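Trainee: Here are the chains, one letter per residue:
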Amino acid sequence: MNRDAILVEGARKRYGEKDALAGLDLTVGRGTVHGLLGPNGAGKTTTVRILATLLRHDEGVVRVAGHDVRTEAREVRRRIGLLGQHAALDEELGGRQNLEMFGRLHHLGARRAGIRADELLERFGLADTGRKPVKQFSGGMRRRLDLAASLITEPEVLFLDEPTTGLDPRGRGEVWESVRSLVGGGTTVLLTTQYLEEADQLADRISVVDQGRVVADGTADELKARVGVDRIDVVVRDAARLEEAAGLLPAARAEVGVDVDRRRLSAPVADRMASLTATVRALGEAGIEAEDIALRRPTLDEVFLHLTDGEPGRDASRRKEVAA
Amino acid sequence: MSAAYVVSDCWTMTRRELAHWARQPVQVLVGLVFPVMMLLMFGYLVGGGRSVEGDYVDFLVPGMLTLTMVFGLEGTMTAVTQDLNKGVIDRFRSMPMTDGAVLVGRSAADMLQSTVGLLVMVGVGYAIGWRANGGLGSTLGALGLLLLLRFAMLWIGIFLALVAGRAELVQAVQILVWPIGFLSNAFASPDSMPGWLGTFVEWNPMSATATAVRELFGNPGGEPGQIWAAVVWPVVLLVLFFPLAVRRFGRLGK
Chain A
1249 MNRDAILVEG ARKRYGEKDA LAGLDLTVGR GTVHGLLGPN GAGKTTTVRI
1299 LATLLRHDEG VVRVAGHDVR TEAREVRRRI GLLGQHAALD EELGGRQNLE
1349 MFGRLHHLGA RRAGIRADEL LERFGLADTG RKPVKQFSGG MRRRLDLAAS
1399 LITEPEVLFL DEPTTGLDPR GRGEVWESVR SLVGGGTTVL LTTQYLEEAD
1449 QLADRISVVD QGRVVADGTA DELKARVGVD RIDVVVRDAA RLEEAAGLLP
1499 AARAEVGVDV DRRRLSAPVA DRMASLTATV RALGEAGIEA EDIALRRPTL
1549 DEVFLHLTDG EPGRDASRRK EVAA
Chain B
6 MSAAYVVSDC WTMTRRELAH WARQPVQVLV GLVFPVMMLL MFGYLVGGGR
56 SVEGDYVDFL VPGMLTLTMV FGLEGTMTAV TQDLNKGVID RFRSMPMTDG
106 AVLVGRSAAD MLQSTVGLLV MVGVGYAIGW RANGGLGSTL GALGLLLLLR
156 FAMLWIGIFL ALVAGRAELV QAVQILVWPI GFLSNAFASP DSMPGWLGTF
206 VEWNPMSATA TAVRELFGNP GGEPGQIWAA VVWPVVLLVL FFPLAVRRFG
256 RLGK
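Line order of the protein sequences matches chains A and B.
Read in order, the letters of the first sequence correspond to residues 1249 to 1572 in the numbering used here.
Read in order, the letters of the second sequence correspond to residues 6 to 259 in the numbering used here.
Chain A extracted, bound-state conformation (with noise of 0.2 angstroms):
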């Protein structure tokens, strides 16, 4: 018995002349919260659905739960949960018909299949939906009830495809809250998110992808440590002083941040105070006025050009893909 609940050696897949996956190698451990973290277009929505037996990949190993995507799709789809990206409903139907129908198509029988709907409307909240179709539920609604479509027969490994992309605070929460509470069932989680704070909320590893391939690979914390826990940002009156006011700030020279178009430098921080006292002072000092001077956690940018060696161009189109 393969102790891996998701195994991936060397995954390709091929769209064209792109590669959507090159190579990527992926280990999930059963009963563990595993995070793939990366920006639009990294992979990590081929991943899943090749891991859901949606797409096939080209080469390489993937087995799910012990058995091949690819030779025992069945058997994979048998003990697998999806949550996509947009809602896996039938939106004519209500809750409670699509529990059922997918229920009945889990072959548990007519009478366990509405037992079981009911148990989930239940539990995530939705018994008072009645026959309402689900076009009409509010986001957080339908994300709760996609979420209990792919707990129907509880399973081993439950995909979740940026879970909350779209969602206000509120249904976030609500989606973060489910998640935990399974997780105590011994169900393995893969979750992929653009968001930092998610997996970091959420995961116990984190694989951070990046054009196709796992580029870096951790706890979250140690990942943070790779990538500088805090920053300090600056932005500087003049720009013609922006050069100069770079090589004042407490970090080595090559880790400062030249944006010139704001006026900004940006730089890595060991220790959150002493580093804005001794910034503050030492541009003081060198009569250099700052319009702001800011702390903050590294943003997932930073994150993804520190474990990628993004190169300038890169750093460019992922920002504005980032501000959009």
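The hints are simulated quantities; they were obtained by calculation from the structure and are not laboratory data.
Incorrect hints may have been included.
Residues on chain A that point at chain B, a partial pick, calculated with CB under 7 angstroms [as the list claims (entries may be wrong)]:
#1 Ala1300
#2 Arg1304
#3 Gly1332
#4 Ala1335
#5 Ala1336
#6 Leu1337
#7 Glu1340
#8 Arg1352
#9 Leu1356
#10 Arg1485
#11 Leu1496
Quantities reported herein were computed from a predicted structural model and do not represent experimental measurements.
Glycine included, every Cβ here is placed at the ideal spot set by N, Cα and C.
On the provided structure of chain A, position chain B as indicated by the hints.
Mentor: For chain B alone, coordinates are given in the frame of chain A:
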């Protein structure tokens, strides 16, 4: 995979389609009324000027029944395309259900809808003076041939939806279905058309069914020799498109 699961999966998917109808009775009603309107329009507005032997309504009704079966292709294609573009198809495909159950559910529901539609049309035809003069066995045979044609159209519709997969292409097919439907002997005898057109019309598989059905109903325009063609054409189309559609569905993830 036991046979019991196959049957229950297909039934569950058929139930899903029926549940959709229960939610959208108006849409179902419109689907039934549209061919009736066509029949009445052609019968009363256009029909007067046609030169066919015997009563035009007796000639027209079997043609319209056949046309309705062919136009069913659009409905099937639209429904499958809509389904494919919805997230729910991912859930179906990631569950341990029978591979073709989604398609079987679609085809069962469409056949049921077409059967009801056919009976409504027969009723309206009867009301405007059309009569089946061929005896019960022949009449049932004619209805059977019509549903066979619908079944073939259904799988062509599923296949086209799986290949095209986009709403714009459904529109293109909808437009193309019209000339194919009308370039048949549904409304007029090919004898009344220019030679090349007449030849095309005679070879249109739809004309074979219309002619055979006219023969079995005992209406003008029938030919006993066309009954075999009305069996062979749809069967050939099915032999071609059924496996293509099932295969295509299985390859959605590639």
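Trainee: For each hint, tell me whether it holds in the structure or not.
Mentor: Status of the hints after comparison with the structure:
1. Given the 7 angstroms rule on beta carbons, the hint for alanine 1300 (chain A) holds: about 5 angstroms separates it from the nearest Cβ of chain B.
2. Using the Cβ-Cβ criterion of 7 angstroms, the hint placing arginine 1304 (chain A) at the interface with chain B is satisfied: the shortest such distance is roughly 5 angstroms.
3. For glycine 1332 (chain A), the shortest C-beta to C-beta distance to chain B is roughly 5 angstroms, which falls under 7 angstroms, so the interface hint holds.
4. Restraint check, alanine 1335 (chain A) versus chain B: the minimum CB separation of about 5 angstroms is within 7 angstroms; hint holds.
5. For alanine 1336 (chain A), the shortest C-beta to C-beta distance to chain B is roughly 4 angstroms, which falls under 7 angstroms, so the interface hint holds.
6. Interface restraint check: leucine 1337 (chain A) against chain B, minimum CB-CB distance 6 angstroms, threshold 7 angstroms, status holds.
7. Proximity of glutamate 1340 (chain A) to chain B holds as hinted, the smallest CB-CB distance being about 5 angstroms (cut-off 7 angstroms).
8. The beta carbon of arginine 1352 (chain A) is positioned within 7 angstroms of a beta carbon in chain B (closest approach about 4 angstroms), and the interface hint is therefore held.
9. At its closest, the beta carbon of leucine 1356 (chain A) sits 10 angstroms from a beta carbon of chain B; the interface hint therefore is violated under the 7 angstroms criterion.
10. Hint status for arginine 1485 (chain A): violated, given a least beta-carbon distance of 51 angstroms to chain B, over 7 angstroms.
11. The restraint placing leucine 1496 (chain A) at the interface with chain B is violated, with a minimum CB-CB distance near 53 angstroms, outside the 7 angstroms limit.
Taken one by one, the earlier hints fail for this structure at numbers 9, 10 and 11, listed in ascending order.
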